[in-house]
Each structure stands twice: as structure tokens, then as C-alpha cells.
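A.B. asks: These protein sequences, in sequence, are chains A and F.
Sequential numbering of the first sequence, starting at 0, is according to numbering that gives the first Met the number 0.
Sequential numbering of the second sequence, starting at 0, is according to numbering that gives the first Met the number 0.
By construction, these hints were calculated from the structure, which means they are not laboratory data.
Fair warning: there could be bad hints in the mix.
You can't tell identical chains apart in this list, so a pair holds if it fits in one copy or across any two.
To be verified - No more than 30 Å apart at the CA atoms, straight line, and that leaves these computed lysine-lysine pairs for BS3-like:
| # | residue 1 | residue 2 |
| --- | --- | --- |
| 1 | K352 | K244 |
| 2 | K35 | K166 |
| 3 | K58 | K112 |
| 4 | K58 | K214 |
| 5 | K81 | K166 |
| 6 | K81 | K416 |
| 7 | K112 | K244 |
| 8 | K214 | K244 |
| 9 | K310 | K214 |
| 10 | K310 | K476 |
Quantities reported herein were computed from a predicted structural model and do not represent experimental measurements.
2 protein chains.
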Amino acid sequence: MVGRLVGLSVAALLASTAVPLAAETPDREQIVSIVKEQRDATIEDLREWIALPTIAAEKLNTPAGAEYMKQLALDAGFQQAKIIPTDGVPAVFATLDAGAETTLGLYFMYDVKQFDPSEWDAPPLEGRLVEREGEGLTIVGRGAVNQKGPEMALLAAIKAIQASGKKLPVNLVLVAEGEEEVASTHFDQVVAVPEVRDALAKTVGVFIPSAAQSKDGSANITLGAKGAVEFQLVVGGETSDKYPKTDIHSSNHARIENPAWRLVKALDTLVADDGHTPAIDGWFENVRPLTERQKELIAEGAALNPEEEAKALLGVGRWIDDEPYVTSLERFLSQPTVNIQGLIAGYTGPGGKTVLPGRAEAKLEFRLVPAMTKDEAVSKLKAHLAKRGFDDVQVTVSGGYGPNETDEDSVLIRAQKALFDEKGIPYSIRPRNAGSWPGVIFNGPPLNLPASQFGLSRGGGAHAPNEWFLIESSDPKVNGLDEAIMAYVDYLYVVAEEAAEVSD
Amino acid sequence: MVGRLVGLSVAALLASTAVPLAAETPDREQIVSIVKEQRDATIEDLREWIALPTIAAEKLNTPAGAEYMKQLALDAGFQQAKIIPTDGVPAVFATLDAGAETTLGLYFMYDVKQFDPSEWDAPPLEGRLVEREGEGLTIVGRGAVNQKGPEMALLAAIKAIQASGKKLPVNLVLVAEGEEEVASTHFDQVVAVPEVRDALAKTVGVFIPSAAQSKDGSANITLGAKGAVEFQLVVGGETSDKYPKTDIHSSNHARIENPAWRLVKALDTLVADDGHTPAIDGWFENVRPLTERQKELIAEGAALNPEEEAKALLGVGRWIDDEPYVTSLERFLSQPTVNIQGLIAGYTGPGGKTVLPGRAEAKLEFRLVPAMTKDEAVSKLKAHLAKRGFDDVQVTVSGGYGPNETDEDSVLIRAQKALFDEKGIPYSIRPRNAGSWPGVIFNGPPLNLPASQFGLSRGGGAHAPNEWFLIESSDPKVNGLDEAIMAYVDYLYVVAEEAAEVSD
Numbered sequence: 000m001v002g003r004l005v006g007l008s009v010a011a012l013l014a015s016t017a018v019p020l021a022a023e024t025p026d027r028e029q030i031v032s033i034v035k036e037q038r039d040a041t042i043e044d045l046r047e048w049i050a051l052p053t054i055a056a057e058k059l060n061t062p063a064g065a066e067y068m069k070q071l072a073l074d075a076g077f078q079q080a081k082i083i084p085t086d087g088v089p090a091v092f093a094t095l096d097a098g099a100e101t102t103l104g105l106y107f108m109y110d111v112k113q114f115d116p117s118e119w120d121a122p123p124l125e126g127r128l129v130e131r132e133g134e135g136l137t138i139v140g141r142g143a144v145n146q147k148g149p150e151m152a153l154l155a156a157i158k159a160i161q162a163s164g165k166k167l168p169v170n171l172v173l174v175a176e177g178e179e180e181v182a183s184t185h186f187d188q189v190v191a192v193p194e195v196r197d198a199l200a201k202t203v204g205v206f207i208p209s210a211a212q213s214k215d216g217s218a219n220i221t222l223g224a225k226g227a228v229e230f231q232l233v234v235g236g237e238t239s240d241k242y243p244k245t246d247i248h249s250s251n252h253a254r255i256e257n258p259a260w261r262l263v264k265a266l267d268t269l270v271a272d273d274g275h276t277p278a279i280d281g282w283f284e285n286v287r288p289l290t291e292r293q294k295e296l297i298a299e300g301a302a303l304n305p306e307e308e309a310k311a312l313l314g315v316g317r318w319i320d321d322e323p324y325v326t327s328l329e330r331f332l333s334q335p336t337v338n339i340q341g342l343i344a345g346y347t348g349p350g351g352k353t354v355l356p357g358r359a360e361a362k363l364e365f366r367l368v369p370a371m372t373k374d375e376a377v378s379k380l381k382a383h384l385a386k387r388g389f390d391d392v393q394v395t396v397s398g399g400y401g402p403n404e405t406d407e408d409s410v411l412i413r414a415q416k417a418l419f420d421e422k423g424i425p426y427s428i429r430p431r432n433a434g435s436w437p438g439v440i441f442n443g444p445p446l447n448l449p450a451s452q453f454g455l456s457r458g459g460g461a462h463a464p465n466e467w468f469l470i471e472s473s474d475p476k477v478n479g480l481d482e483a484i485m486a487y488v489d490y491l492y493v494v495a496e497e498a499a500e501v502s503d
Numbered sequence: 000m001v002g003r004l005v006g007l008s009v010a011a012l013l014a015s016t017a018v019p020l021a022a023e024t025p026d027r028e029q030i031v032s033i034v035k036e037q038r039d040a041t042i043e044d045l046r047e048w049i050a051l052p053t054i055a056a057e058k059l060n061t062p063a064g065a066e067y068m069k070q071l072a073l074d075a076g077f078q079q080a081k082i083i084p085t086d087g088v089p090a091v092f093a094t095l096d097a098g099a100e101t102t103l104g105l106y107f108m109y110d111v112k113q114f115d116p117s118e119w120d121a122p123p124l125e126g127r128l129v130e131r132e133g134e135g136l137t138i139v140g141r142g143a144v145n146q147k148g149p150e151m152a153l154l155a156a157i158k159a160i161q162a163s164g165k166k167l168p169v170n171l172v173l174v175a176e177g178e179e180e181v182a183s184t185h186f187d188q189v190v191a192v193p194e195v196r197d198a199l200a201k202t203v204g205v206f207i208p209s210a211a212q213s214k215d216g217s218a219n220i221t222l223g224a225k226g227a228v229e230f231q232l233v234v235g236g237e238t239s240d241k242y243p244k245t246d247i248h249s250s251n252h253a254r255i256e257n258p259a260w261r262l263v264k265a266l267d268t269l270v271a272d273d274g275h276t277p278a279i280d281g282w283f284e285n286v287r288p289l290t291e292r293q294k295e296l297i298a299e300g301a302a303l304n305p306e307e308e309a310k311a312l313l314g315v316g317r318w319i320d321d322e323p324y325v326t327s328l329e330r331f332l333s334q335p336t337v338n339i340q341g342l343i344a345g346y347t348g349p350g351g352k353t354v355l356p357g358r359a360e361a362k363l364e365f366r367l368v369p370a371m372t373k374d375e376a377v378s379k380l381k382a383h384l385a386k387r388g389f390d391d392v393q394v395t396v397s398g399g400y401g402p403n404e405t406d407e408d409s410v411l412i413r414a415q416k417a418l419f420d421e422k423g424i425p426y427s428i429r430p431r432n433a434g435s436w437p438g439v440i441f442n443g444p445p446l447n448l449p450a451s452q453f454g455l456s457r458g459g460g461a462h463a464p465n466e467w468f469l470i471e472s473s474d475p476k477v478n479g480l481d482e483a484i485m486a487y488v489d490y491l492y493v494v495a496e497e498a499a500e501v502s503d
């Protein structure tokens with residue numbers, strides 16, 4: 000996921016008695032027994048899934064991964080599951096009709112990030128069980144926490160309820176994509192398929208299973224995320240015959256234009272002289288200011304996360320404009336950004352080399368806040384450059400999506416609060432994540448659905464070597480696999496109950 | 000050499016009768032016989048020198064190369080030769096007192112450019128004799144033409160005159176440096192040594208042996224060169240605690256400054272919005288416009304070098320501002336530049352990656368024209384950035400030197416003209432080379448000496464694989480090694496004669 004596990008640590012730990020207790024899951028002890036009996040099989044299922052990595056950037060196991068995902072859904076009791084082709088990697092659409100009043104949407108990703116086995120202590124595709132200091136028994140492998148582990152736990156929950164002889168308390172609509180790690184490039188095509196769209200439209204919202212329990216056992220609820228759009232600006236012999244096609248001797252700059260200067264001139268117009276405020280024409284038109292409730296949550300979160308720790312973690316001594324901590328956190332969550340991810344042109348080795356580059360490239364990214372959209376931001380960028388005559392600066396949008404935002408009073412979020420309260424799990428509410436995930440696909444038009452993440456247990460190392468997911472926690476406050484599965488079981492019941500209350 | 004063999008091909012072929020013929024070299028046939036007898040030994044000497052590459056950037060054979068250079072001078076009949084230590088690679092200073100009226104300065108470089116043997120067809124340190132299509136028999140090796148071949152030819156000329164029983168017609172002062180390929184970083188320290196400075200001050204000028212005969216047999220005379228100063232601008236965690244020390248997750252740009260933006264803002268101030276006119280405060284103060292004579296030479300040169308060929312060679316379709324060819328050539332030779340050699344920051348692989356870079360670097364270079372100086376340009380840059388508050392932008396000057404310019408009526412140049420006339424070799428006069436060499440060390444204060452290049456024969460592949468120097472030419476219009484040696488013999492006599500005429 001594009002940065003979802005990184006970034007904001009604003010947490011507002013709420014008293015666990017604010018919301019009335021939800022009803023018990025029926026025959027819960029029986030289901031707990033089934034989950035325990037099935038544990039070895041569940042772990043084995045996860046290991047087998049980890050052994051088949053789908054990597055969109057490398058076109059690795061893309062049809063095979065989709066077929067596997069489809070079979071996982073069918074094995075979990077979905078009555079129908081089908082491959083949805085896209086212009087990129089295919090997706091999977093599945094439904095489970097339990098004859099329930101309420102329908103819940105599930106978003107899965109079946110792809111994983113690239114990995115280099117030489118950097119791993121355990122083979123990245125083995126799913127080896129490894130004792131982790133201070134955590135407990137973990138499963139190590141690419142995709143363990145991002146996102147196969149939590150997803151497999153949810154599938155195990157669905158199976159366990161059925162194995163107890165009951166129907167699920169909610170109907171399920173599952174969409175699983177294979178391009179999450181390349182910014183969900185074609186995911187809009189999946190939800191545009193009428194059958195998929197119509198099925199999703201009946202849900203109370205869509206969530207992705209996750210494993211975001213903190214080390215102290217607390218959980219968090221996130222009410223949205225910024226959007227992210229990645230693009231590259233290129234100038235050089237490939238965009239205009241003013242520039243050479245390859246690097247040439249630098250003395251020629253006296254008579255030949257340098258594409259690196261042109262890139263600098265174009266970039267310079269995109270942010271103000273302060274070096275951070277976006278200066279693209281019309282950029283702030285649809286930026287919605289923070290609400291009082293959002294500011295309240297930010298202030299509460301700030302109190303729980305010491306400023307000096309945050310600075311040390313990020314390796315900086317100051318926030319933008321030397322702002323105080325809470326102001327910088329408000330900026331962090333409220334401001335859309337134009338970021339330079341990277342620059343590359345000409346000679347990049349030690350010291351200097353007398354060349355005039357044939358090509359200059361800047362890698363950039365927007366972070367968008369409600370109510371900006373991806374199309375709006377890209378159109379404004381292109382119009383901005385065109386207005387200033389930068390027709391030799393090529394814009395390539397490599398992926399991205401807009402922001403998402405889900406109401407605190409939606410069934411999805413009410414159910415999370417109720418469940419944490421019932422279990423006595425302290426939790427924080429993040430008004431928004433500064434990182435991004437493609438929830439806008441569900442959250443934006445035409446579906447306009449609540450979109451969220453939910454899941455207990457813990458993991459780490461997403462996008463890094465030695466990715467892990469907790470199986471048996473050494474700390475009773477933190478959930479292991481069995482408890483994470485049971486949390487999904489309970490969540491399905493609480494969602495059904497909250498939805499019934501809303502519709503009453 | 001920093002771009003001396005690349006760049007301008009402005010040539011003004013002059014009628015070969017414009018200057019009165021110089022006197023014959025005495026007993027020339029005897030010296031020719033000696034050169035021929037010594038040829039195998041000369042080639043062997045060159046091969047042995049090539050086998051010992053001195054590479055300043057890699058600190059390879061730096062003391063050994065200086066010792067070897069010193070011994071080469073002593074073997075050639077210099078009465079004294081000594082190592083001159085510097086803060087970098089040591090230089091060599093040698094003198095040959097022939098009891099002559101006139102003293103001539105010689106500038107050698109004993110270092111060579113880096114090489115990668117895997118890119119070569121013949122081993123780069125073997126000095127293998129290879130037949131080259133359309134050229135003749137060549138010696139192939141790193142340093143063959145840049146600059147050991149021409150230098151060894153000059154040493155062979157000095158030996159041959161002495162072997163014929165005569166004293167040289169001129170006294171010689173040799174300075175040889177081992178850091179030419181890293182922009183002569185410490186060469187000013189060498190000529191600042193009183194003994195070296197005083198010896199050079201007695202010369203009529205200093206020249207470096209070269210091999211710049213064209214394929215059609217014509218030669219050229221260059222009356223100067225632009226200066227070149229290389230520097231790097233760096234912004235990041237190492238320059239201010241506003242920036243992170245390493246790349247961090249890009250979502251943080253909403254609250255943390257991005258050093259790449261700061262670099263863009265600083266760079267943007269260095270050139271005008273046209274993307275090429277330097278905008279550093281006071282930049283043009285000491286820029287001397289072209290003289291009518293220089294413009295005349297440029298126009299004559301343009302007529303000899305078709306515009307479309309020049310564009311094709313450089314891979315461009317247009318000159319700056321769509322200027323006509325002669326205007327672009329005047330710009331090429333008259334305009335000082337601020338060039339971006341390279342940019343590097345953050346993520347530089349395919350597509351994008353959600354990082355905020357911890358460091359951003361631009362590699363830049365000035366090209367300077369008379370009467371600008373290196374110190375002036377660097378001071379103006381630093382003052383320009385300081386005035387605009389860019390105290391977090393670190394400037395590192397990695398090397399360089401100012402421009403040089405030698406009068407057409409100096410002994411060095413008059414002797415070249417006389418010699419080419421005598422031999423019936425057509426020649427062009429380049430008013431200035433847009434590339435650079437450290438002639439300013441001699442040409443600037445306190446020495447203020449004429450500084451030039453001279454040498455017949457041909458070679459190629461400087462700084463590239465399969466570097467070569469011609470030994471036996473397949474074309475009678477082009478000189479091979481024997482003739483190149485004799486051209487140096489003749490040149491020493493013509494210099495003595497021209498100097499006598501001037502002092503009469």
C-alpha cells in the first residue's frame with residue numbers, strides 16, 4: 000500500500016465506555032474452538048499464498064494470482080467468484096449471499112511489493128515461523144502483513160462462522176485487485192463493471208482487513224486518507240529538438256539549450272518561493288478546511304505522541320516555518336502537497352563531469368485532500384504548464400487516486416467503536432491519514448460509500464525485508480492470529496447490529 | 000584534458016604565402032636520419048610510459064608517475080629535473096640550458112583519464128600497434144594521444160637535435176602536472192614556487208604538445224580557450240536540520256521541507272527565464288566583447304563547417320533562440336555559461352516512489368571568457384546566493400581555472416604560422432576554443448605569458464575506449480610519428496628565429 004502503514008501517529012485514546020456495548024456474538028465459544036482447531040490449516044493456507052507472489056511491476060504471477068484469489072474466495076464460502084479483466088492486472092469479484100439484511104463490502108489486494116531475497120534472514124516465500132523479540136511467534140514472508148495475513152484471517156473468520164453451522168450475519172461483496180502496489184492503476188475499471196458496481200452499491204461500506212494494533216495493545220480508527228498522484232516531468236531531446244538526444248560536451252551550452260534548466264524553470268512555478276506552498280493555478284479551490292472535530296482529534300493525538308520523538312524518528316530538527324507541533328500536525332493532515340520524489344539528469348557520479356544533459360526528469364507526487372480529485376489536480380497541472388508555454392515539458396501520470404473520507408457516524412466506524420469498547424481495547428481516532436490508499440474508489444462518486452480499514456493483531460516490514468505478521472503474541476494486550484480472526488467474526492456481527500440500528 | 004579536443008570546429012584556412020618563409024633547420028637531413036633510427040626506441044619508450052598510468056581521481060601511480068616523468072626529462076637531456084610537491088599530486092619541474100638567447104616553456108601532463116579495460120578492443124596499457132582503417136598504423140592505449148604520444152614525440156625531437164651533435168636553438172623550461180584530468184586543482188601551487196615562476200618568466204611563452212592535424216592534413220592555431228569551473232550545490236539534512244537526514248516517507252512533505260525544492264529555488268535564480276542567460280549578480284561585468292578580428296575568423300570558420308553537419312553531430316535541430324549559424328558561433332565563443340551538468344535527488348529509478356529526499360545535489364559548471372577569473376566567478380556566485388538567503392545551500396568548488404588568450408602576434412603563434420607556411424600545410428585560426436585547458440596558469444598574472452598548443456599528426460579517443468595516436472600515416476598529407484617529431488624539431492628553430500626578429 001502506498002504509505003498507509005507509515006506517516007501519521009496522531010491518536011486520540013478515548014475512554015472505553017463512550018458507546019453502549021454491542022451484543023455478544025452468538026455461540027462465540029463454539030466458534031473460538033473451531034478457529035483453534037483450524038489454526039494449523041489457516042497458517043498453512045497463508046504459507047501457500049505467500050509462496051505465490053503476484054508483483055504487478057514485474058508482471059509476476061498476475062493471472063495465476065487472480066485465479067488463486069478466486070479459489071480462496073470460493074473455498075471461504077463465496078457462492079460465486081469471477082475474474083474481472085482490466086487493461087492491467089485482472090481483479091477478482093466475489094459475492095456471498097447469506098440471506099442477511101445487511102451487506103458488507105470487502106476490499107482485498109492480492110499483489111505484494113518487490114523483494115530481494117539476499118536482504119532477508121528467512122526466505123521471503125517460505126512463510127517460516129520465527130520467534131520475534133518482544134512480539135512472539137510470527138510468520139515471516141513477503142505479504143505477511145501487507146496484506147495476505149490480515150486477509151487470510153478474515154477468510155478464516157468467514158469459514159469458522161459457517162463451520163459452526165450458522166449463516167453469516169451479513170452478506171459479503173469482495174473485490175480484490177492485483178495492482179495495489181502500483182497505485183491501483185486500473186482499479187476504477189473494476190468498480191465500473193455494472194455487476195460489480197451494483198453489488199457494491201448495496202453495501203453499508205467497504206473495508207480492507209489490516210493489522211494495526213499498537214505495541215501497547217491500543218487500536219486506531221482512521222476516518223480517511225489523503226489521495227496520492229504520482230507523475231514525472233521529462234524534458235530533453237525526446238521532447239524537443241532544442242535539446243540534444245544524448246549527453247554532449249558541456250561547452251555547447253553556450254549555443255544549445257540545457258533541458259535541466261528548462262526543468263528547473265518549470266518546477267520553479269509549481270511551488271511558491273517558500274519551497275513548499277503549491278502554486279499551481281487554482282490548486283486550493285476545492286480544499287476543504289479542517290472541521291473543529293478534526294482539530295480536536297489532532298490536538299488529542301498530539302498530546303499522546305511527544306514532539307521530540309516524532310522529530311527524532313523523522314531525522315529533522317524543525318517543522319515547516321518553525322511551526323509549533325499542533326500547527327504542524329494540522330498542516331500535515333489538511334494541506335495538499337506537491338512533492339519532488341526525485342531528480343535525475345546528466346552526470347550523477349562523484350564530483351563533476353563536463354556534459355550538457357540530453358534528458359532531465361523530475362519525479363513528483365501530489366497528496367490530495369477532500370474535496371480535490373485526481374482528474375482535477377492533473378488537469379490543473381497541465382493547464383498551468385501550458386499557460387506558461389512549457390509545451391516541451393512532458394507530463395506522465397504513472398498512477399494515483401484522490402482522497403477518501405468516511406463519517407464517524409457511518410455503520411463501519413460505529414461498529415469499530417462498539418467492538419473496541421466491548422473488548423475493552425483502548426483506541427484512537429485519526430481524523431485522516433497523511434499516507435494514502437485507494438479508498439476513493441468506493442468513497443468517491445458514483446458509489447459514495449464509507450471506506451475504512453479494520454483489524455487487530457500486529458505486523459511489520461511492509462515493503463521491507465523480513466516482513467512479519469503476529470501468530471502468537473507474547474503480550475496478552477496484543478492479539479495473535481486466533482484473536483484477530485475472532486475480531487473479524489465479532490466485527491461482522493457488530494456491523495449487522497449497527498446497520499439494523501441505523502435502519503430502525 | 001577538460002574538453003580541449005571537443006567542441007569548436009571553426010577554421011579559417013589561410014593562404015600559405017601570407018608570411019615570409021622561415022629559415023631551414025640546420026643539418027635537417029641528419030636529424031631526420033636520427034629520428035628514423037630512433038623510431039623503434041621512441042615507440043618502445045611510449046609503450047613503457049603508457050604501461051604506467053597515473054590517474055589522479057584514483058590516486059593511482061601518483062608518486063611513481065612523477066618520478067617517471069622526472070626521469071623522462073633527464074633522459075631527454077634536461078640538466079636538472081625535480082619533483083614539486085603540491086597539496087595534491089606532485090608536479091615535475093625541469094630545465095635545459097642550451098646557452099641560447101631564447102627560452103621556451105613546455106607544459107606537459109603526465110596523468111591520464113580513467114579507463115575500463117572491458118570496453119577496449121586492445122588492452123589499454125599495452126600500447127599495441129594496430130592498423131586503423133583510413134588512418135594507418137596507430138598505437139592504442141590510454142594516454143596515446145592525451146597526452147603521452149605528442150609529449151614523447153617532443154622529447155624525441157629534443158634528443159634527436161642533441162644526438163646530431165648540436166645544442167638546442169632554445170633553452171627549455173618544462174612543467175609537468177599530474178592532475179590535468181581533475182581540472183589542475185593544485186597547479187597554481189607549482190607555478191607559485193619562486194624557482195619555477197622565475198624560470199617560466201624568462202620564456203617567450205609556454206606550449207603543450209598536441210596532435211590536432213585534421214584528416215585533410217590541415218592544421219589549426221588556437222588563440223585561447225574559455226575557462227571552466229566545476230562546482231556542486233548540495234541541500235539536505237547535512238546542510239540544515241529543516242531537512243531529513245535520509246529519504247523519508249513523502250507524506251511528510253506536508254510538514255517538512257524538501258531539499259529538492261530548495262535546490263530548484265536556488266538554481267532558478269542563476270539563469271534568466273530564457274533558461275540560458277546567466278543571472279548571477281554582476282556576471283557580465285568583466286566580459287569582453289569579441290573583436291572585429293575574432294568575428295572575422297568566426298565567419299570564415301563557419302563557411303568551412305556546414306551548419307547541418309554541426310547540428311547532426313550534436314543531435315539538435317536548433318541553436319539557442321533559433322539564431323542563425325554565425326550568430327550562434329559568436330555566442331558559442333563569446334558567452335560565459337552557467338551549465339547544469341547533472342541533477343540527483345531522492346528516487347531515480349523507473350516510475351515513482353513515495354519519498355521525500357534527504358539530499359539534493361546539482362552539478363554545475365561555469366565557462367568563463369576574458370577577462371573573467373575563477374575567483375571572481377566563485378565569489379559572485381557565493382554573494383548572489385548569500386544575498387538571497389540561501390545559506391542552507393552548500394557550494395563546493397571541485398576545480399577549475401579561468402580563460403586564456405594569446406596574441407596572434409606573439410612569438411609562439413608567429414612561429415606556428417611560419418612553420419605551417421614553410422611546410423605548405425594549410426591551417427585555420429580559431430579565435431578561441433569553447434572547451435578549456437589550464438593555459439591561464441601561464442597566461443594570467445603574474446606570468447602573463449603566451450600559452451598555446453602545437454603539434455602535427457593525429458589521434459583520437461581521448462577519454463574514450465581505444466584511444467589512439469598515429470605512427471605511420473596512410474595519407475601523405477597527414478603526418479605520422481617521424482614527421483610529428485621533425486615538426487617539433489623545426490618548431491624549436493622557428494621559435495628561436497621569430498624571437499630573434501622580435502627582439503631585433
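A.B. asks: A separate judgement is required for each hint: does it hold in the structure or not?
C.D. replies: Here is how each hint holds up against the structure:
1. K352 / K244: both (18 Å within a copy, 26 Å between copies)
2. K35 / K166: Cα proximity of K35 and K166: one copy only (20 Å, versus 104 Å across).
3. K58 / K112: within (12 Å within a copy, 42 Å between copies)
4. K58 / K214: Neither. Shortest intra-copy (36 Å) and inter-copy (52 Å) distances fail the 30 Å Cα cut-off.
5. K81 / K166: within (22 Å within a copy, 97 Å between copies)
6. K81 / K416: neither (33 Å within a copy, 85 Å between copies)
7. K112 / K244: between (34 Å within a copy, 25 Å between copies)
8. K214 / K244: For K214 and K244, the Cα distance is within 30 Å only across copies (27 Å; inside one copy 54 Å).
9. K310 / K214: Within one copy only: 20 Å inside a chain, 65 Å across chains, cut-off 30 Å.
10. K310 / K476: Intra 28 Å, inter 72 Å, cutoff 30 Å: intra-copy only.
Hint violations for this structure: numbers 4 and 6, all remaining hints satisfied.
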